[in-house]
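Chemist: Sequence:
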Amino acid sequence: MNVREITEKKVFHYMEEHNMLAAHDKIVVGVSGGADSVCLLYLLLEYARKTPLSLAVVHVNHGIRAQAGEDAAYVEALCAQEGLPFFLTNADVHGMAMEKKCSEEDMGRRVRYEAFRRAADQLGGALTAVAHNSNDNAETMLFHLFRGSGLKGLSGITPVREGESGKIIRPILCLERAEVEAYLAARQISWCRDDTNNQDGYCRNRIRHHILPYAEQEVVQGAVGCMSRTAEMLREAEAYLEQQTQQALAQCMKEDMSLEKQAGSKRYIIVIDKFLQYHIALQRRMLFYLLKQLSPKGKDIALVNVRDVLFLAQREGNRSISLPFGILARRQYGWVVIENGEPNNRIRLWMEETVEIPWGEDMGLFPYVCCLSGIGKMEFSIIFPENGPNVPKNLYTKWFDYDKIEEPLVIRPRRRGDFLTISDGKGGMAHKSLKDYMITEKIPKQIRDKIPVIAAQSHVLWLAGWRISEYFKVQENTKRVLQVKLIQDKQPMDGVVTKDGG
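Going by my numbering, the sequence shown opens with residue 10, and the numbers climb by one from there.
Calculated directly from the structure, the hints in this document are not laboratory data.
Ideal Cβ positions, reconstructed from N, Cα and C, are used throughout, including at glycine.
Any given hint could turn out to be false.
[Said to hold, decoys possible] BS3-like mimics (lysine-lysine), calculated; alpha carbons at most 30 Å apart, straight line: (1) K459 x K263; (2) K441 x K488; (3) K18 x K59; (4) K19 x K59; (5) K482 x K494; (6) K459 x K413; (7) K176 x K109.
[Said to hold, decoys possible] The following label-pair restraints were derived from C-beta to C-beta distances: (8) S329 x K451: 37 to 45 Å; (9) R170 x G78: 27 to 35 Å; (10) I73 x V228: 33 to 41 Å; (11) S329 x E225: 49 to 57 Å; (12) K444 x D412: 26 to 34 Å; (13) F155 x P61: 39 to 47 Å; (14) E171 x Q455: 46 to 54 Å; (15) V228 x R119: 32 to 40 Å; (16) I392 x Q455: 33 to 41 Å; (17) L312 x I73: 33 to 41 Å.
All chains, please: the whole structure from these sequences, using the hints.
Modeler: Spelled out as structure tokens, the structure:
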């Protein structure tokens, strides 16, 4: 077989191996006019001779090179020759990159894929074919390796992926750059040459011009082909591990039906005992996946962020950390909770489980708010009363002596061993079990576990809406006051907040 036959057989087999196309598919082909994209177009035209396809071409003029208009004219003439629809996009990529504060390379990519998406939509949901080759794949693998990457990054460019512009296929990813040019030469097809590809201004160009040629000449001949085979194995390993990650998450996640979640924000709750049973590799992958779900467009989550959350799971004690993009993570007894939201918003949800109240002087500036499902919300703040304590008589606003609170406060349902301090009638105080208090007050059994308890370990400060503890009451010498305000919904849960005896 000659070069043309060998190349076509190789590419067509690769396309079929990865189920890229089916009969009567509509395809938008990105054609810059360079060797790779022209080769791609002619291979697809040849494939369409045996499998009916509808092809259209998109060309993007980035407005960077003086000869870019000539490239556009070449591609338009090529489309006229082959009878193909032609879509042209003109863009000032340099100006757009300056405005968005990103690289021209990144902005050019955004503009191209947006042009592909528009054309695909106009054609009624076409796929997009782009012209990455094996050398591009090797450059990407090295680029990600040098910057630091996981398996997905080291896998390089995928043959098929679902993107923002729909399904994207890369039929010539199996060809090396030399094979591309040999195919065009065999068919006597010309192409445009981009002088910027010969410059070292872009990092990928430096890899292309210096590192890969050195590897081919001084390390192993056929390095690009070897890397392509490695990339294929890494993609398989990545696919398997992703499957295992999702299965592990299904076992480790506690369902969260919070009000915040229903309002559109996100929260993930990890059961620590189950989470720690998995290999460290899956632990990291689970956390990375969840953090990406909370980050803008799933980007810019670093290994250090994963390590910080992993530390919460591996160490005893309740604590919290702030992560990029307003993501919050906290250890809460047997769980790690990861959620989005601004740190100063400080809103949490009581889920008939334990919520630790973050302790610190900054509550004087930023009250901590906990949403109580079916009841309303509870606001915690520190105040410094002037002219002595003037304790509010409001049924749902309570004051406590901040300096008497020595243990972390939590909001939770009642527990065995909970107690209140009450006056013993002799000027002293006595413990009264919360259970006995509820019986004495004739609180219905069906709501006892639904009433929020604010407690320091087993010592109850306030059975919300009912009694507060004598020990924590504000005195004449109180300097700092913890104010707790219960703000009820218009229609609170029936019977939960009904009486106050403190």
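Chemist: Indicate, hint by hint, whether the structure satisfies it.
Modeler: Status of the hints after comparison with the structure:
{"no.": "1", "hint": "K459 x K263", "verdict": "holds, 20 Å"}
{"no.": "2", "hint": "K441 x K488", "verdict": "holds, 28 Å"}
{"no.": "3", "hint": "K18 x K59", "verdict": "holds, 13 Å"}
{"no.": "4", "hint": "K19 x K59", "verdict": "holds, 15 Å"}
{"no.": "5", "hint": "K482 x K494", "verdict": "holds, 15 Å"}
{"no.": "6", "hint": "K459 x K413", "verdict": "holds, 27 Å"}
{"no.": "7", "hint": "K176 x K109", "verdict": "holds, 26 Å"}
{"no.": "8", "hint": "S329 x K451: 37 to 45 Å", "verdict": "holds, 39 Å"}
{"no.": "9", "hint": "R170 x G78: 27 to 35 Å", "verdict": "holds, 32 Å"}
{"no.": "10", "hint": "I73 x V228: 33 to 41 Å", "verdict": "holds, 34 Å"}
{"no.": "11", "hint": "S329 x E225: 49 to 57 Å", "verdict": "holds, 51 Å"}
{"no.": "12", "hint": "K444 x D412: 26 to 34 Å", "verdict": "holds, 29 Å"}
{"no.": "13", "hint": "F155 x P61: 39 to 47 Å", "verdict": "holds, 44 Å"}
{"no.": "14", "hint": "E171 x Q455: 46 to 54 Å", "verdict": "holds, 49 Å"}
{"no.": "15", "hint": "V228 x R119: 32 to 40 Å", "verdict": "holds, 35 Å"}
{"no.": "16", "hint": "I392 x Q455: 33 to 41 Å", "verdict": "holds, 36 Å"}
{"no.": "17", "hint": "L312 x I73: 33 to 41 Å", "verdict": "holds, 34 Å"}
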